[in-house]
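Participant: Okay, here's what each chain looks like letter by letter:
There are 2 protein chains.
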Amino acid sequence: MIKSYNRIKALLLLLLFIIPFGITFSQNGSDPLPSWNETKTKSNIIDFVKSVTDENSSLYVKPYDRIATFDNDGTLWCEVPTIQVAYTFMKVKEMLPTHPEWKDEKIFNALLDGDKEYIDHDIETGGKELMKVLYATNAGITLEDFQKQVSDFFNTAEHPKYKVPFTKVYYVPMLELINYLRANEFEVFICSGGGLDFMRVISNEVYGIPTQNVIGSFGKSKFEITDGSAEIMKLPDLILVNDKAGKPVGIDYFIGRKPIFSAGNVRSGGDIEMCEYCQSNTLPSIQLIVNHDDAIREFEYSEKGNESLNACAKYDWNVVSMKNDWKKIFEFE
Amino acid sequence: MIKSYNRIKALLLLLLFIIPFGITFSQNGSDPLPSWNETKTKSNIIDFVKSVTDENSSLYVKPYDRIATFDNDGTLWCEVPTIQVAYTFMKVKEMLPTHPEWKDEKIFNALLDGDKEYIDHDIETGGKELMKVLYATNAGITLEDFQKQVSDFFNTAEHPKYKVPFTKVYYVPMLELINYLRANEFEVFICSGGGLDFMRVISNEVYGIPTQNVIGSFGKSKFEITDGSAEIMKLPDLILVNDKAGKPVGIDYFIGRKPIFSAGNVRSGGDIEMCEYCQSNTLPSIQLIVNHDDAIREFEYSEKGNESLNACAKYDWNVVSMKNDWKKIFEFE
Chain E
4 MIKSYNRIKA
14 LLLLLLFIIP
24 FGITFSQNGS
34 DPLPSWNETK
44 TKSNIIDFVK
54 SVTDENSSLY
64 VKPYDRIATF
74 DNDGTLWCEV
84 PTIQVAYTFM
94 KVKEMLPTHP
104 EWKDEKIFNA
114 LLDGDKEYID
124 HDIETGGKEL
134 MKVLYATNAG
144 ITLEDFQKQV
154 SDFFNTAEHP
164 KYKVPFTKVY
174 YVPMLELINY
184 LRANEFEVFI
194 CSGGGLDFMR
204 VISNEVYGIP
214 TQNVIGSFGK
224 SKFEITDGSA
234 EIMKLPDLIL
244 VNDKAGKPVG
254 IDYFIGRKPI
264 FSAGNVRSGG
274 DIEMCEYCQS
284 NTLPSIQLIV
294 NHDDAIREFE
304 YSEKGNESLN
314 ACAKYDWNVV
324 SMKNDWKKIF
334 EFE
Chain G
4 MIKSYNRIKA
14 LLLLLLFIIP
24 FGITFSQNGS
34 DPLPSWNETK
44 TKSNIIDFVK
54 SVTDENSSLY
64 VKPYDRIATF
74 DNDGTLWCEV
84 PTIQVAYTFM
94 KVKEMLPTHP
104 EWKDEKIFNA
114 LLDGDKEYID
124 HDIETGGKEL
134 MKVLYATNAG
144 ITLEDFQKQV
154 SDFFNTAEHP
164 KYKVPFTKVY
174 YVPMLELINY
184 LRANEFEVFI
194 CSGGGLDFMR
204 VISNEVYGIP
214 TQNVIGSFGK
224 SKFEITDGSA
234 EIMKLPDLIL
244 VNDKAGKPVG
254 IDYFIGRKPI
264 FSAGNVRSGG
274 DIEMCEYCQS
284 NTLPSIQLIV
294 NHDDAIREFE
304 YSEKGNESLN
314 ACAKYDWNVV
324 SMKNDWKKIF
334 EFE
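Keeping their order, the protein sequence lines are chains E and G. Numbered per my numbering, the first sequence spans residues 4 to 336. Numbered per my numbering, the second sequence spans residues 4 to 336.
Derived from the structure by calculation, the hints contain no laboratory data. Treat the hints with care, as some may be off.
Note that the list lumps identical chains together, so a pair holds whenever it fits in one copy or between two copies.
Claimed, not checked - Taking lysine-lysine pairs in the DSSO-like style, the calculated list, with each CA pair at most 30 Å apart, reads:
hint, residue 1, residue 2
1, Lys-94, Lys-151
2, Lys-247, Lys-225
3, Lys-65, Lys-171
4, Lys-131, Lys-225
5, Lys-65, Lys-151
6, Lys-96, Lys-119
7, Lys-317, Lys-225
8, Lys-135, Lys-109
9, Lys-53, Lys-166
10, Lys-307, Lys-225
11, Lys-65, Lys-247
12, Lys-65, Lys-225
13, Lys-223, Lys-135
14, Lys-135, Lys-225
15, Lys-171, Lys-317
16, Lys-247, Lys-223
17, Lys-330, Lys-151
18, Lys-166, Lys-96
19, Lys-109, Lys-151
20, Lys-171, Lys-119
21, Lys-109, Lys-317
22, Lys-223, Lys-131
Turn these sequences into a full structure, and let the hints guide you.
Facilitator: Here it is in structure tokens:
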């Protein structure tokens, strides 16, 4: 009697080990998210993916409707410093001698003097001032020339803290998540406040996301044929700041349907509307907000007003704690 | 001697039959374009696809770069009448009693009076007047409401000549071509002067092209949360008329890379710049222009100034003769 009771106990213990593995591991038995700790966030993500891909589930979603949108800065890669700001800073320094008029503009001075507070305040409030600089340094040249300059930057510049190229500061757990979603027939998009033409230079190399799946801020441009070559010329007027309430608009322009999966991060509240738009999908959906709470392995910062975390609490979105949910952050660790 | 000469002749004759079959037929031996006649146009298309997909060819193009862009009206489906114009005409009639101010505008009168010449002239010169009407009838409502109205139209309206729903007037040879390209790992996009939100209602149903692969004319919009529902509100300001020199700009916004395959049609010269942009790709590329020369099975019309056909001659683009190159035009024939 006692023996068989022990056998049942042993079986139950075994089951206790099997069940979480069963939840966490993908169909072929290997963990699809090995850089994630075994927390509620990870199991929420995996449960969601399993439900929407299970034809027998009431939550089943056809592959056609499995659209996922990820913010880029602070969600997929490190945003301290914001990489496009680092690029722009380099360009401003390079171009300043031929643009004395910039000396009277506050944002240019902030960049040159390293006035972090002014720049951060601008980023937190939508980045309108920085956009001015972006277009001053990025417009009036062909798309090809611009992307060549950006490419040169990525080949030479390095991250001030980690001393690696900026293309290496992506978050390993998020790249795993992108690959996991794709393996489950999700169509994955970047949806970032960053410049469309800027991100497209590295989106495929870094994340395996093709240029057509990148949504970002963009401006007017013009098609020109000069000396037999057909070029896109970048003009200085902004069309869309793909941030905050601009994100659902960008998603509609570029995708035309609501996502069922969206991920953003705490810093400026820039991803709240994207997650609201995602959650308004009549299909099952999930939302993630990455919280930068790991001062040792990355950076610790919060958001003035705390809107993103408040929205998580209000709408039951998943807060991803970099400190607790991620076993590993960078490939180079 | 004569016997063996005859044997060689027989072999050569056999080869003569085998070679064209070898060129035309796909790897598994079935014809990928059965609705196309065995003409130079068909063999040019198939030769191109074979070269860019053959790793041993000097013309090989990686799947990542196999981007194809197709105009819609007159290239993928019948444009007599332009289907979005038919929709708009219906809406103008429906909305006129509550919009007496429209009576003073020339384009509204042209629509109501069936002034074909005025409308055609507008289409041929870029459709700016019609765009006014499109936005008068399409703006100020949510995207969801607009697409519901368009969907109702497609469920009820029928083509005046063929007496079938408008969703049935697509060209069978072009649908075959889209499927052939996809089977060869091309990413296929619609790139049309038509409204983005309009075409997306039917792009997947008619062509199997998902909404994110549709590029079209689009206007400003706004994200709004009202009564707990998250909506995109369509505003009256145009951002991009995705026609003529607007097409390369649209391709850059939505794809971010140059196509290697582009197809348009004769009518307004609207696809010339798209084909020029495609041809400026440093990778091997091919361009097609559909010529409406089949008065019996479809409609016969040319282009004032003849720019599209002139461009075909100048740049060595393929003219697709509906009369000679297409065995079948419509599914319902």
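Participant: Next, verify each hint and record whether it holds.
Facilitator: Okay, the hints, checked on the actual structure:
1. Lys-94 with Lys-151: Classified as within; 13 Å inside a copy, 47 Å across copies.
2. Lys-247 with Lys-225: Classified as both: same-chain Cα gap 27 Å, cross-chain 11 Å, threshold 30 Å.
3. Lys-65 with Lys-171: between (34 Å within a copy, 25 Å between copies)
4. Lys-131 with Lys-225: both (23 Å within a copy, 18 Å between copies)
5. Lys-65 with Lys-151: between (39 Å within a copy, 21 Å between copies)
6. Lys-96 with Lys-119: Only inside one copy: Lys-96 and Lys-119 sit 16 Å apart there, 58 Å across copies, limit 30 Å.
7. Lys-317 with Lys-225: between (44 Å within a copy, 23 Å between copies)
8. Lys-135 with Lys-109: within (11 Å within a copy, 40 Å between copies)
9. Lys-53 with Lys-166: Neither, since 39 Å and 45 Å both go past 30 Å.
10. Lys-307 with Lys-225: Answer is between; shortest inter-copy Cα gap is 25 Å, intra-copy 39 Å.
11. Lys-65 with Lys-247: Classified as within: same-chain Cα gap 28 Å, cross-chain 36 Å, threshold 30 Å.
12. Lys-65 with Lys-225: between (38 Å within a copy, 28 Å between copies)
13. Lys-223 with Lys-135: Classified as both: same-chain Cα gap 14 Å, cross-chain 21 Å, threshold 30 Å.
14. Lys-135 with Lys-225: both (19 Å within a copy, 22 Å between copies)
15. Lys-171 with Lys-317: Answer is neither: 34 Å inside a copy and 47 Å across each miss the 30 Å cutoff.
16. Lys-247 with Lys-223: both (20 Å within a copy, 16 Å between copies)
17. Lys-330 with Lys-151: Close neither inside one copy (36 Å) nor across copies (46 Å); limit 30 Å.
18. Lys-166 with Lys-96: within (21 Å within a copy, 66 Å between copies)
19. Lys-109 with Lys-151: within (28 Å within a copy, 48 Å between copies)
20. Lys-171 with Lys-119: within (23 Å within a copy, 59 Å between copies)
21. Lys-109 with Lys-317: Classified as neither: same-chain Cα gap 38 Å, cross-chain 52 Å, threshold 30 Å.
22. Lys-223 with Lys-131: Both. Shortest intra-copy (16 Å) and inter-copy (18 Å) distances satisfy the 30 Å Cα cut-off.
Comparing the model with each earlier hint shows violations of hints 9, 15, 17 and 21; every other hint is respected.
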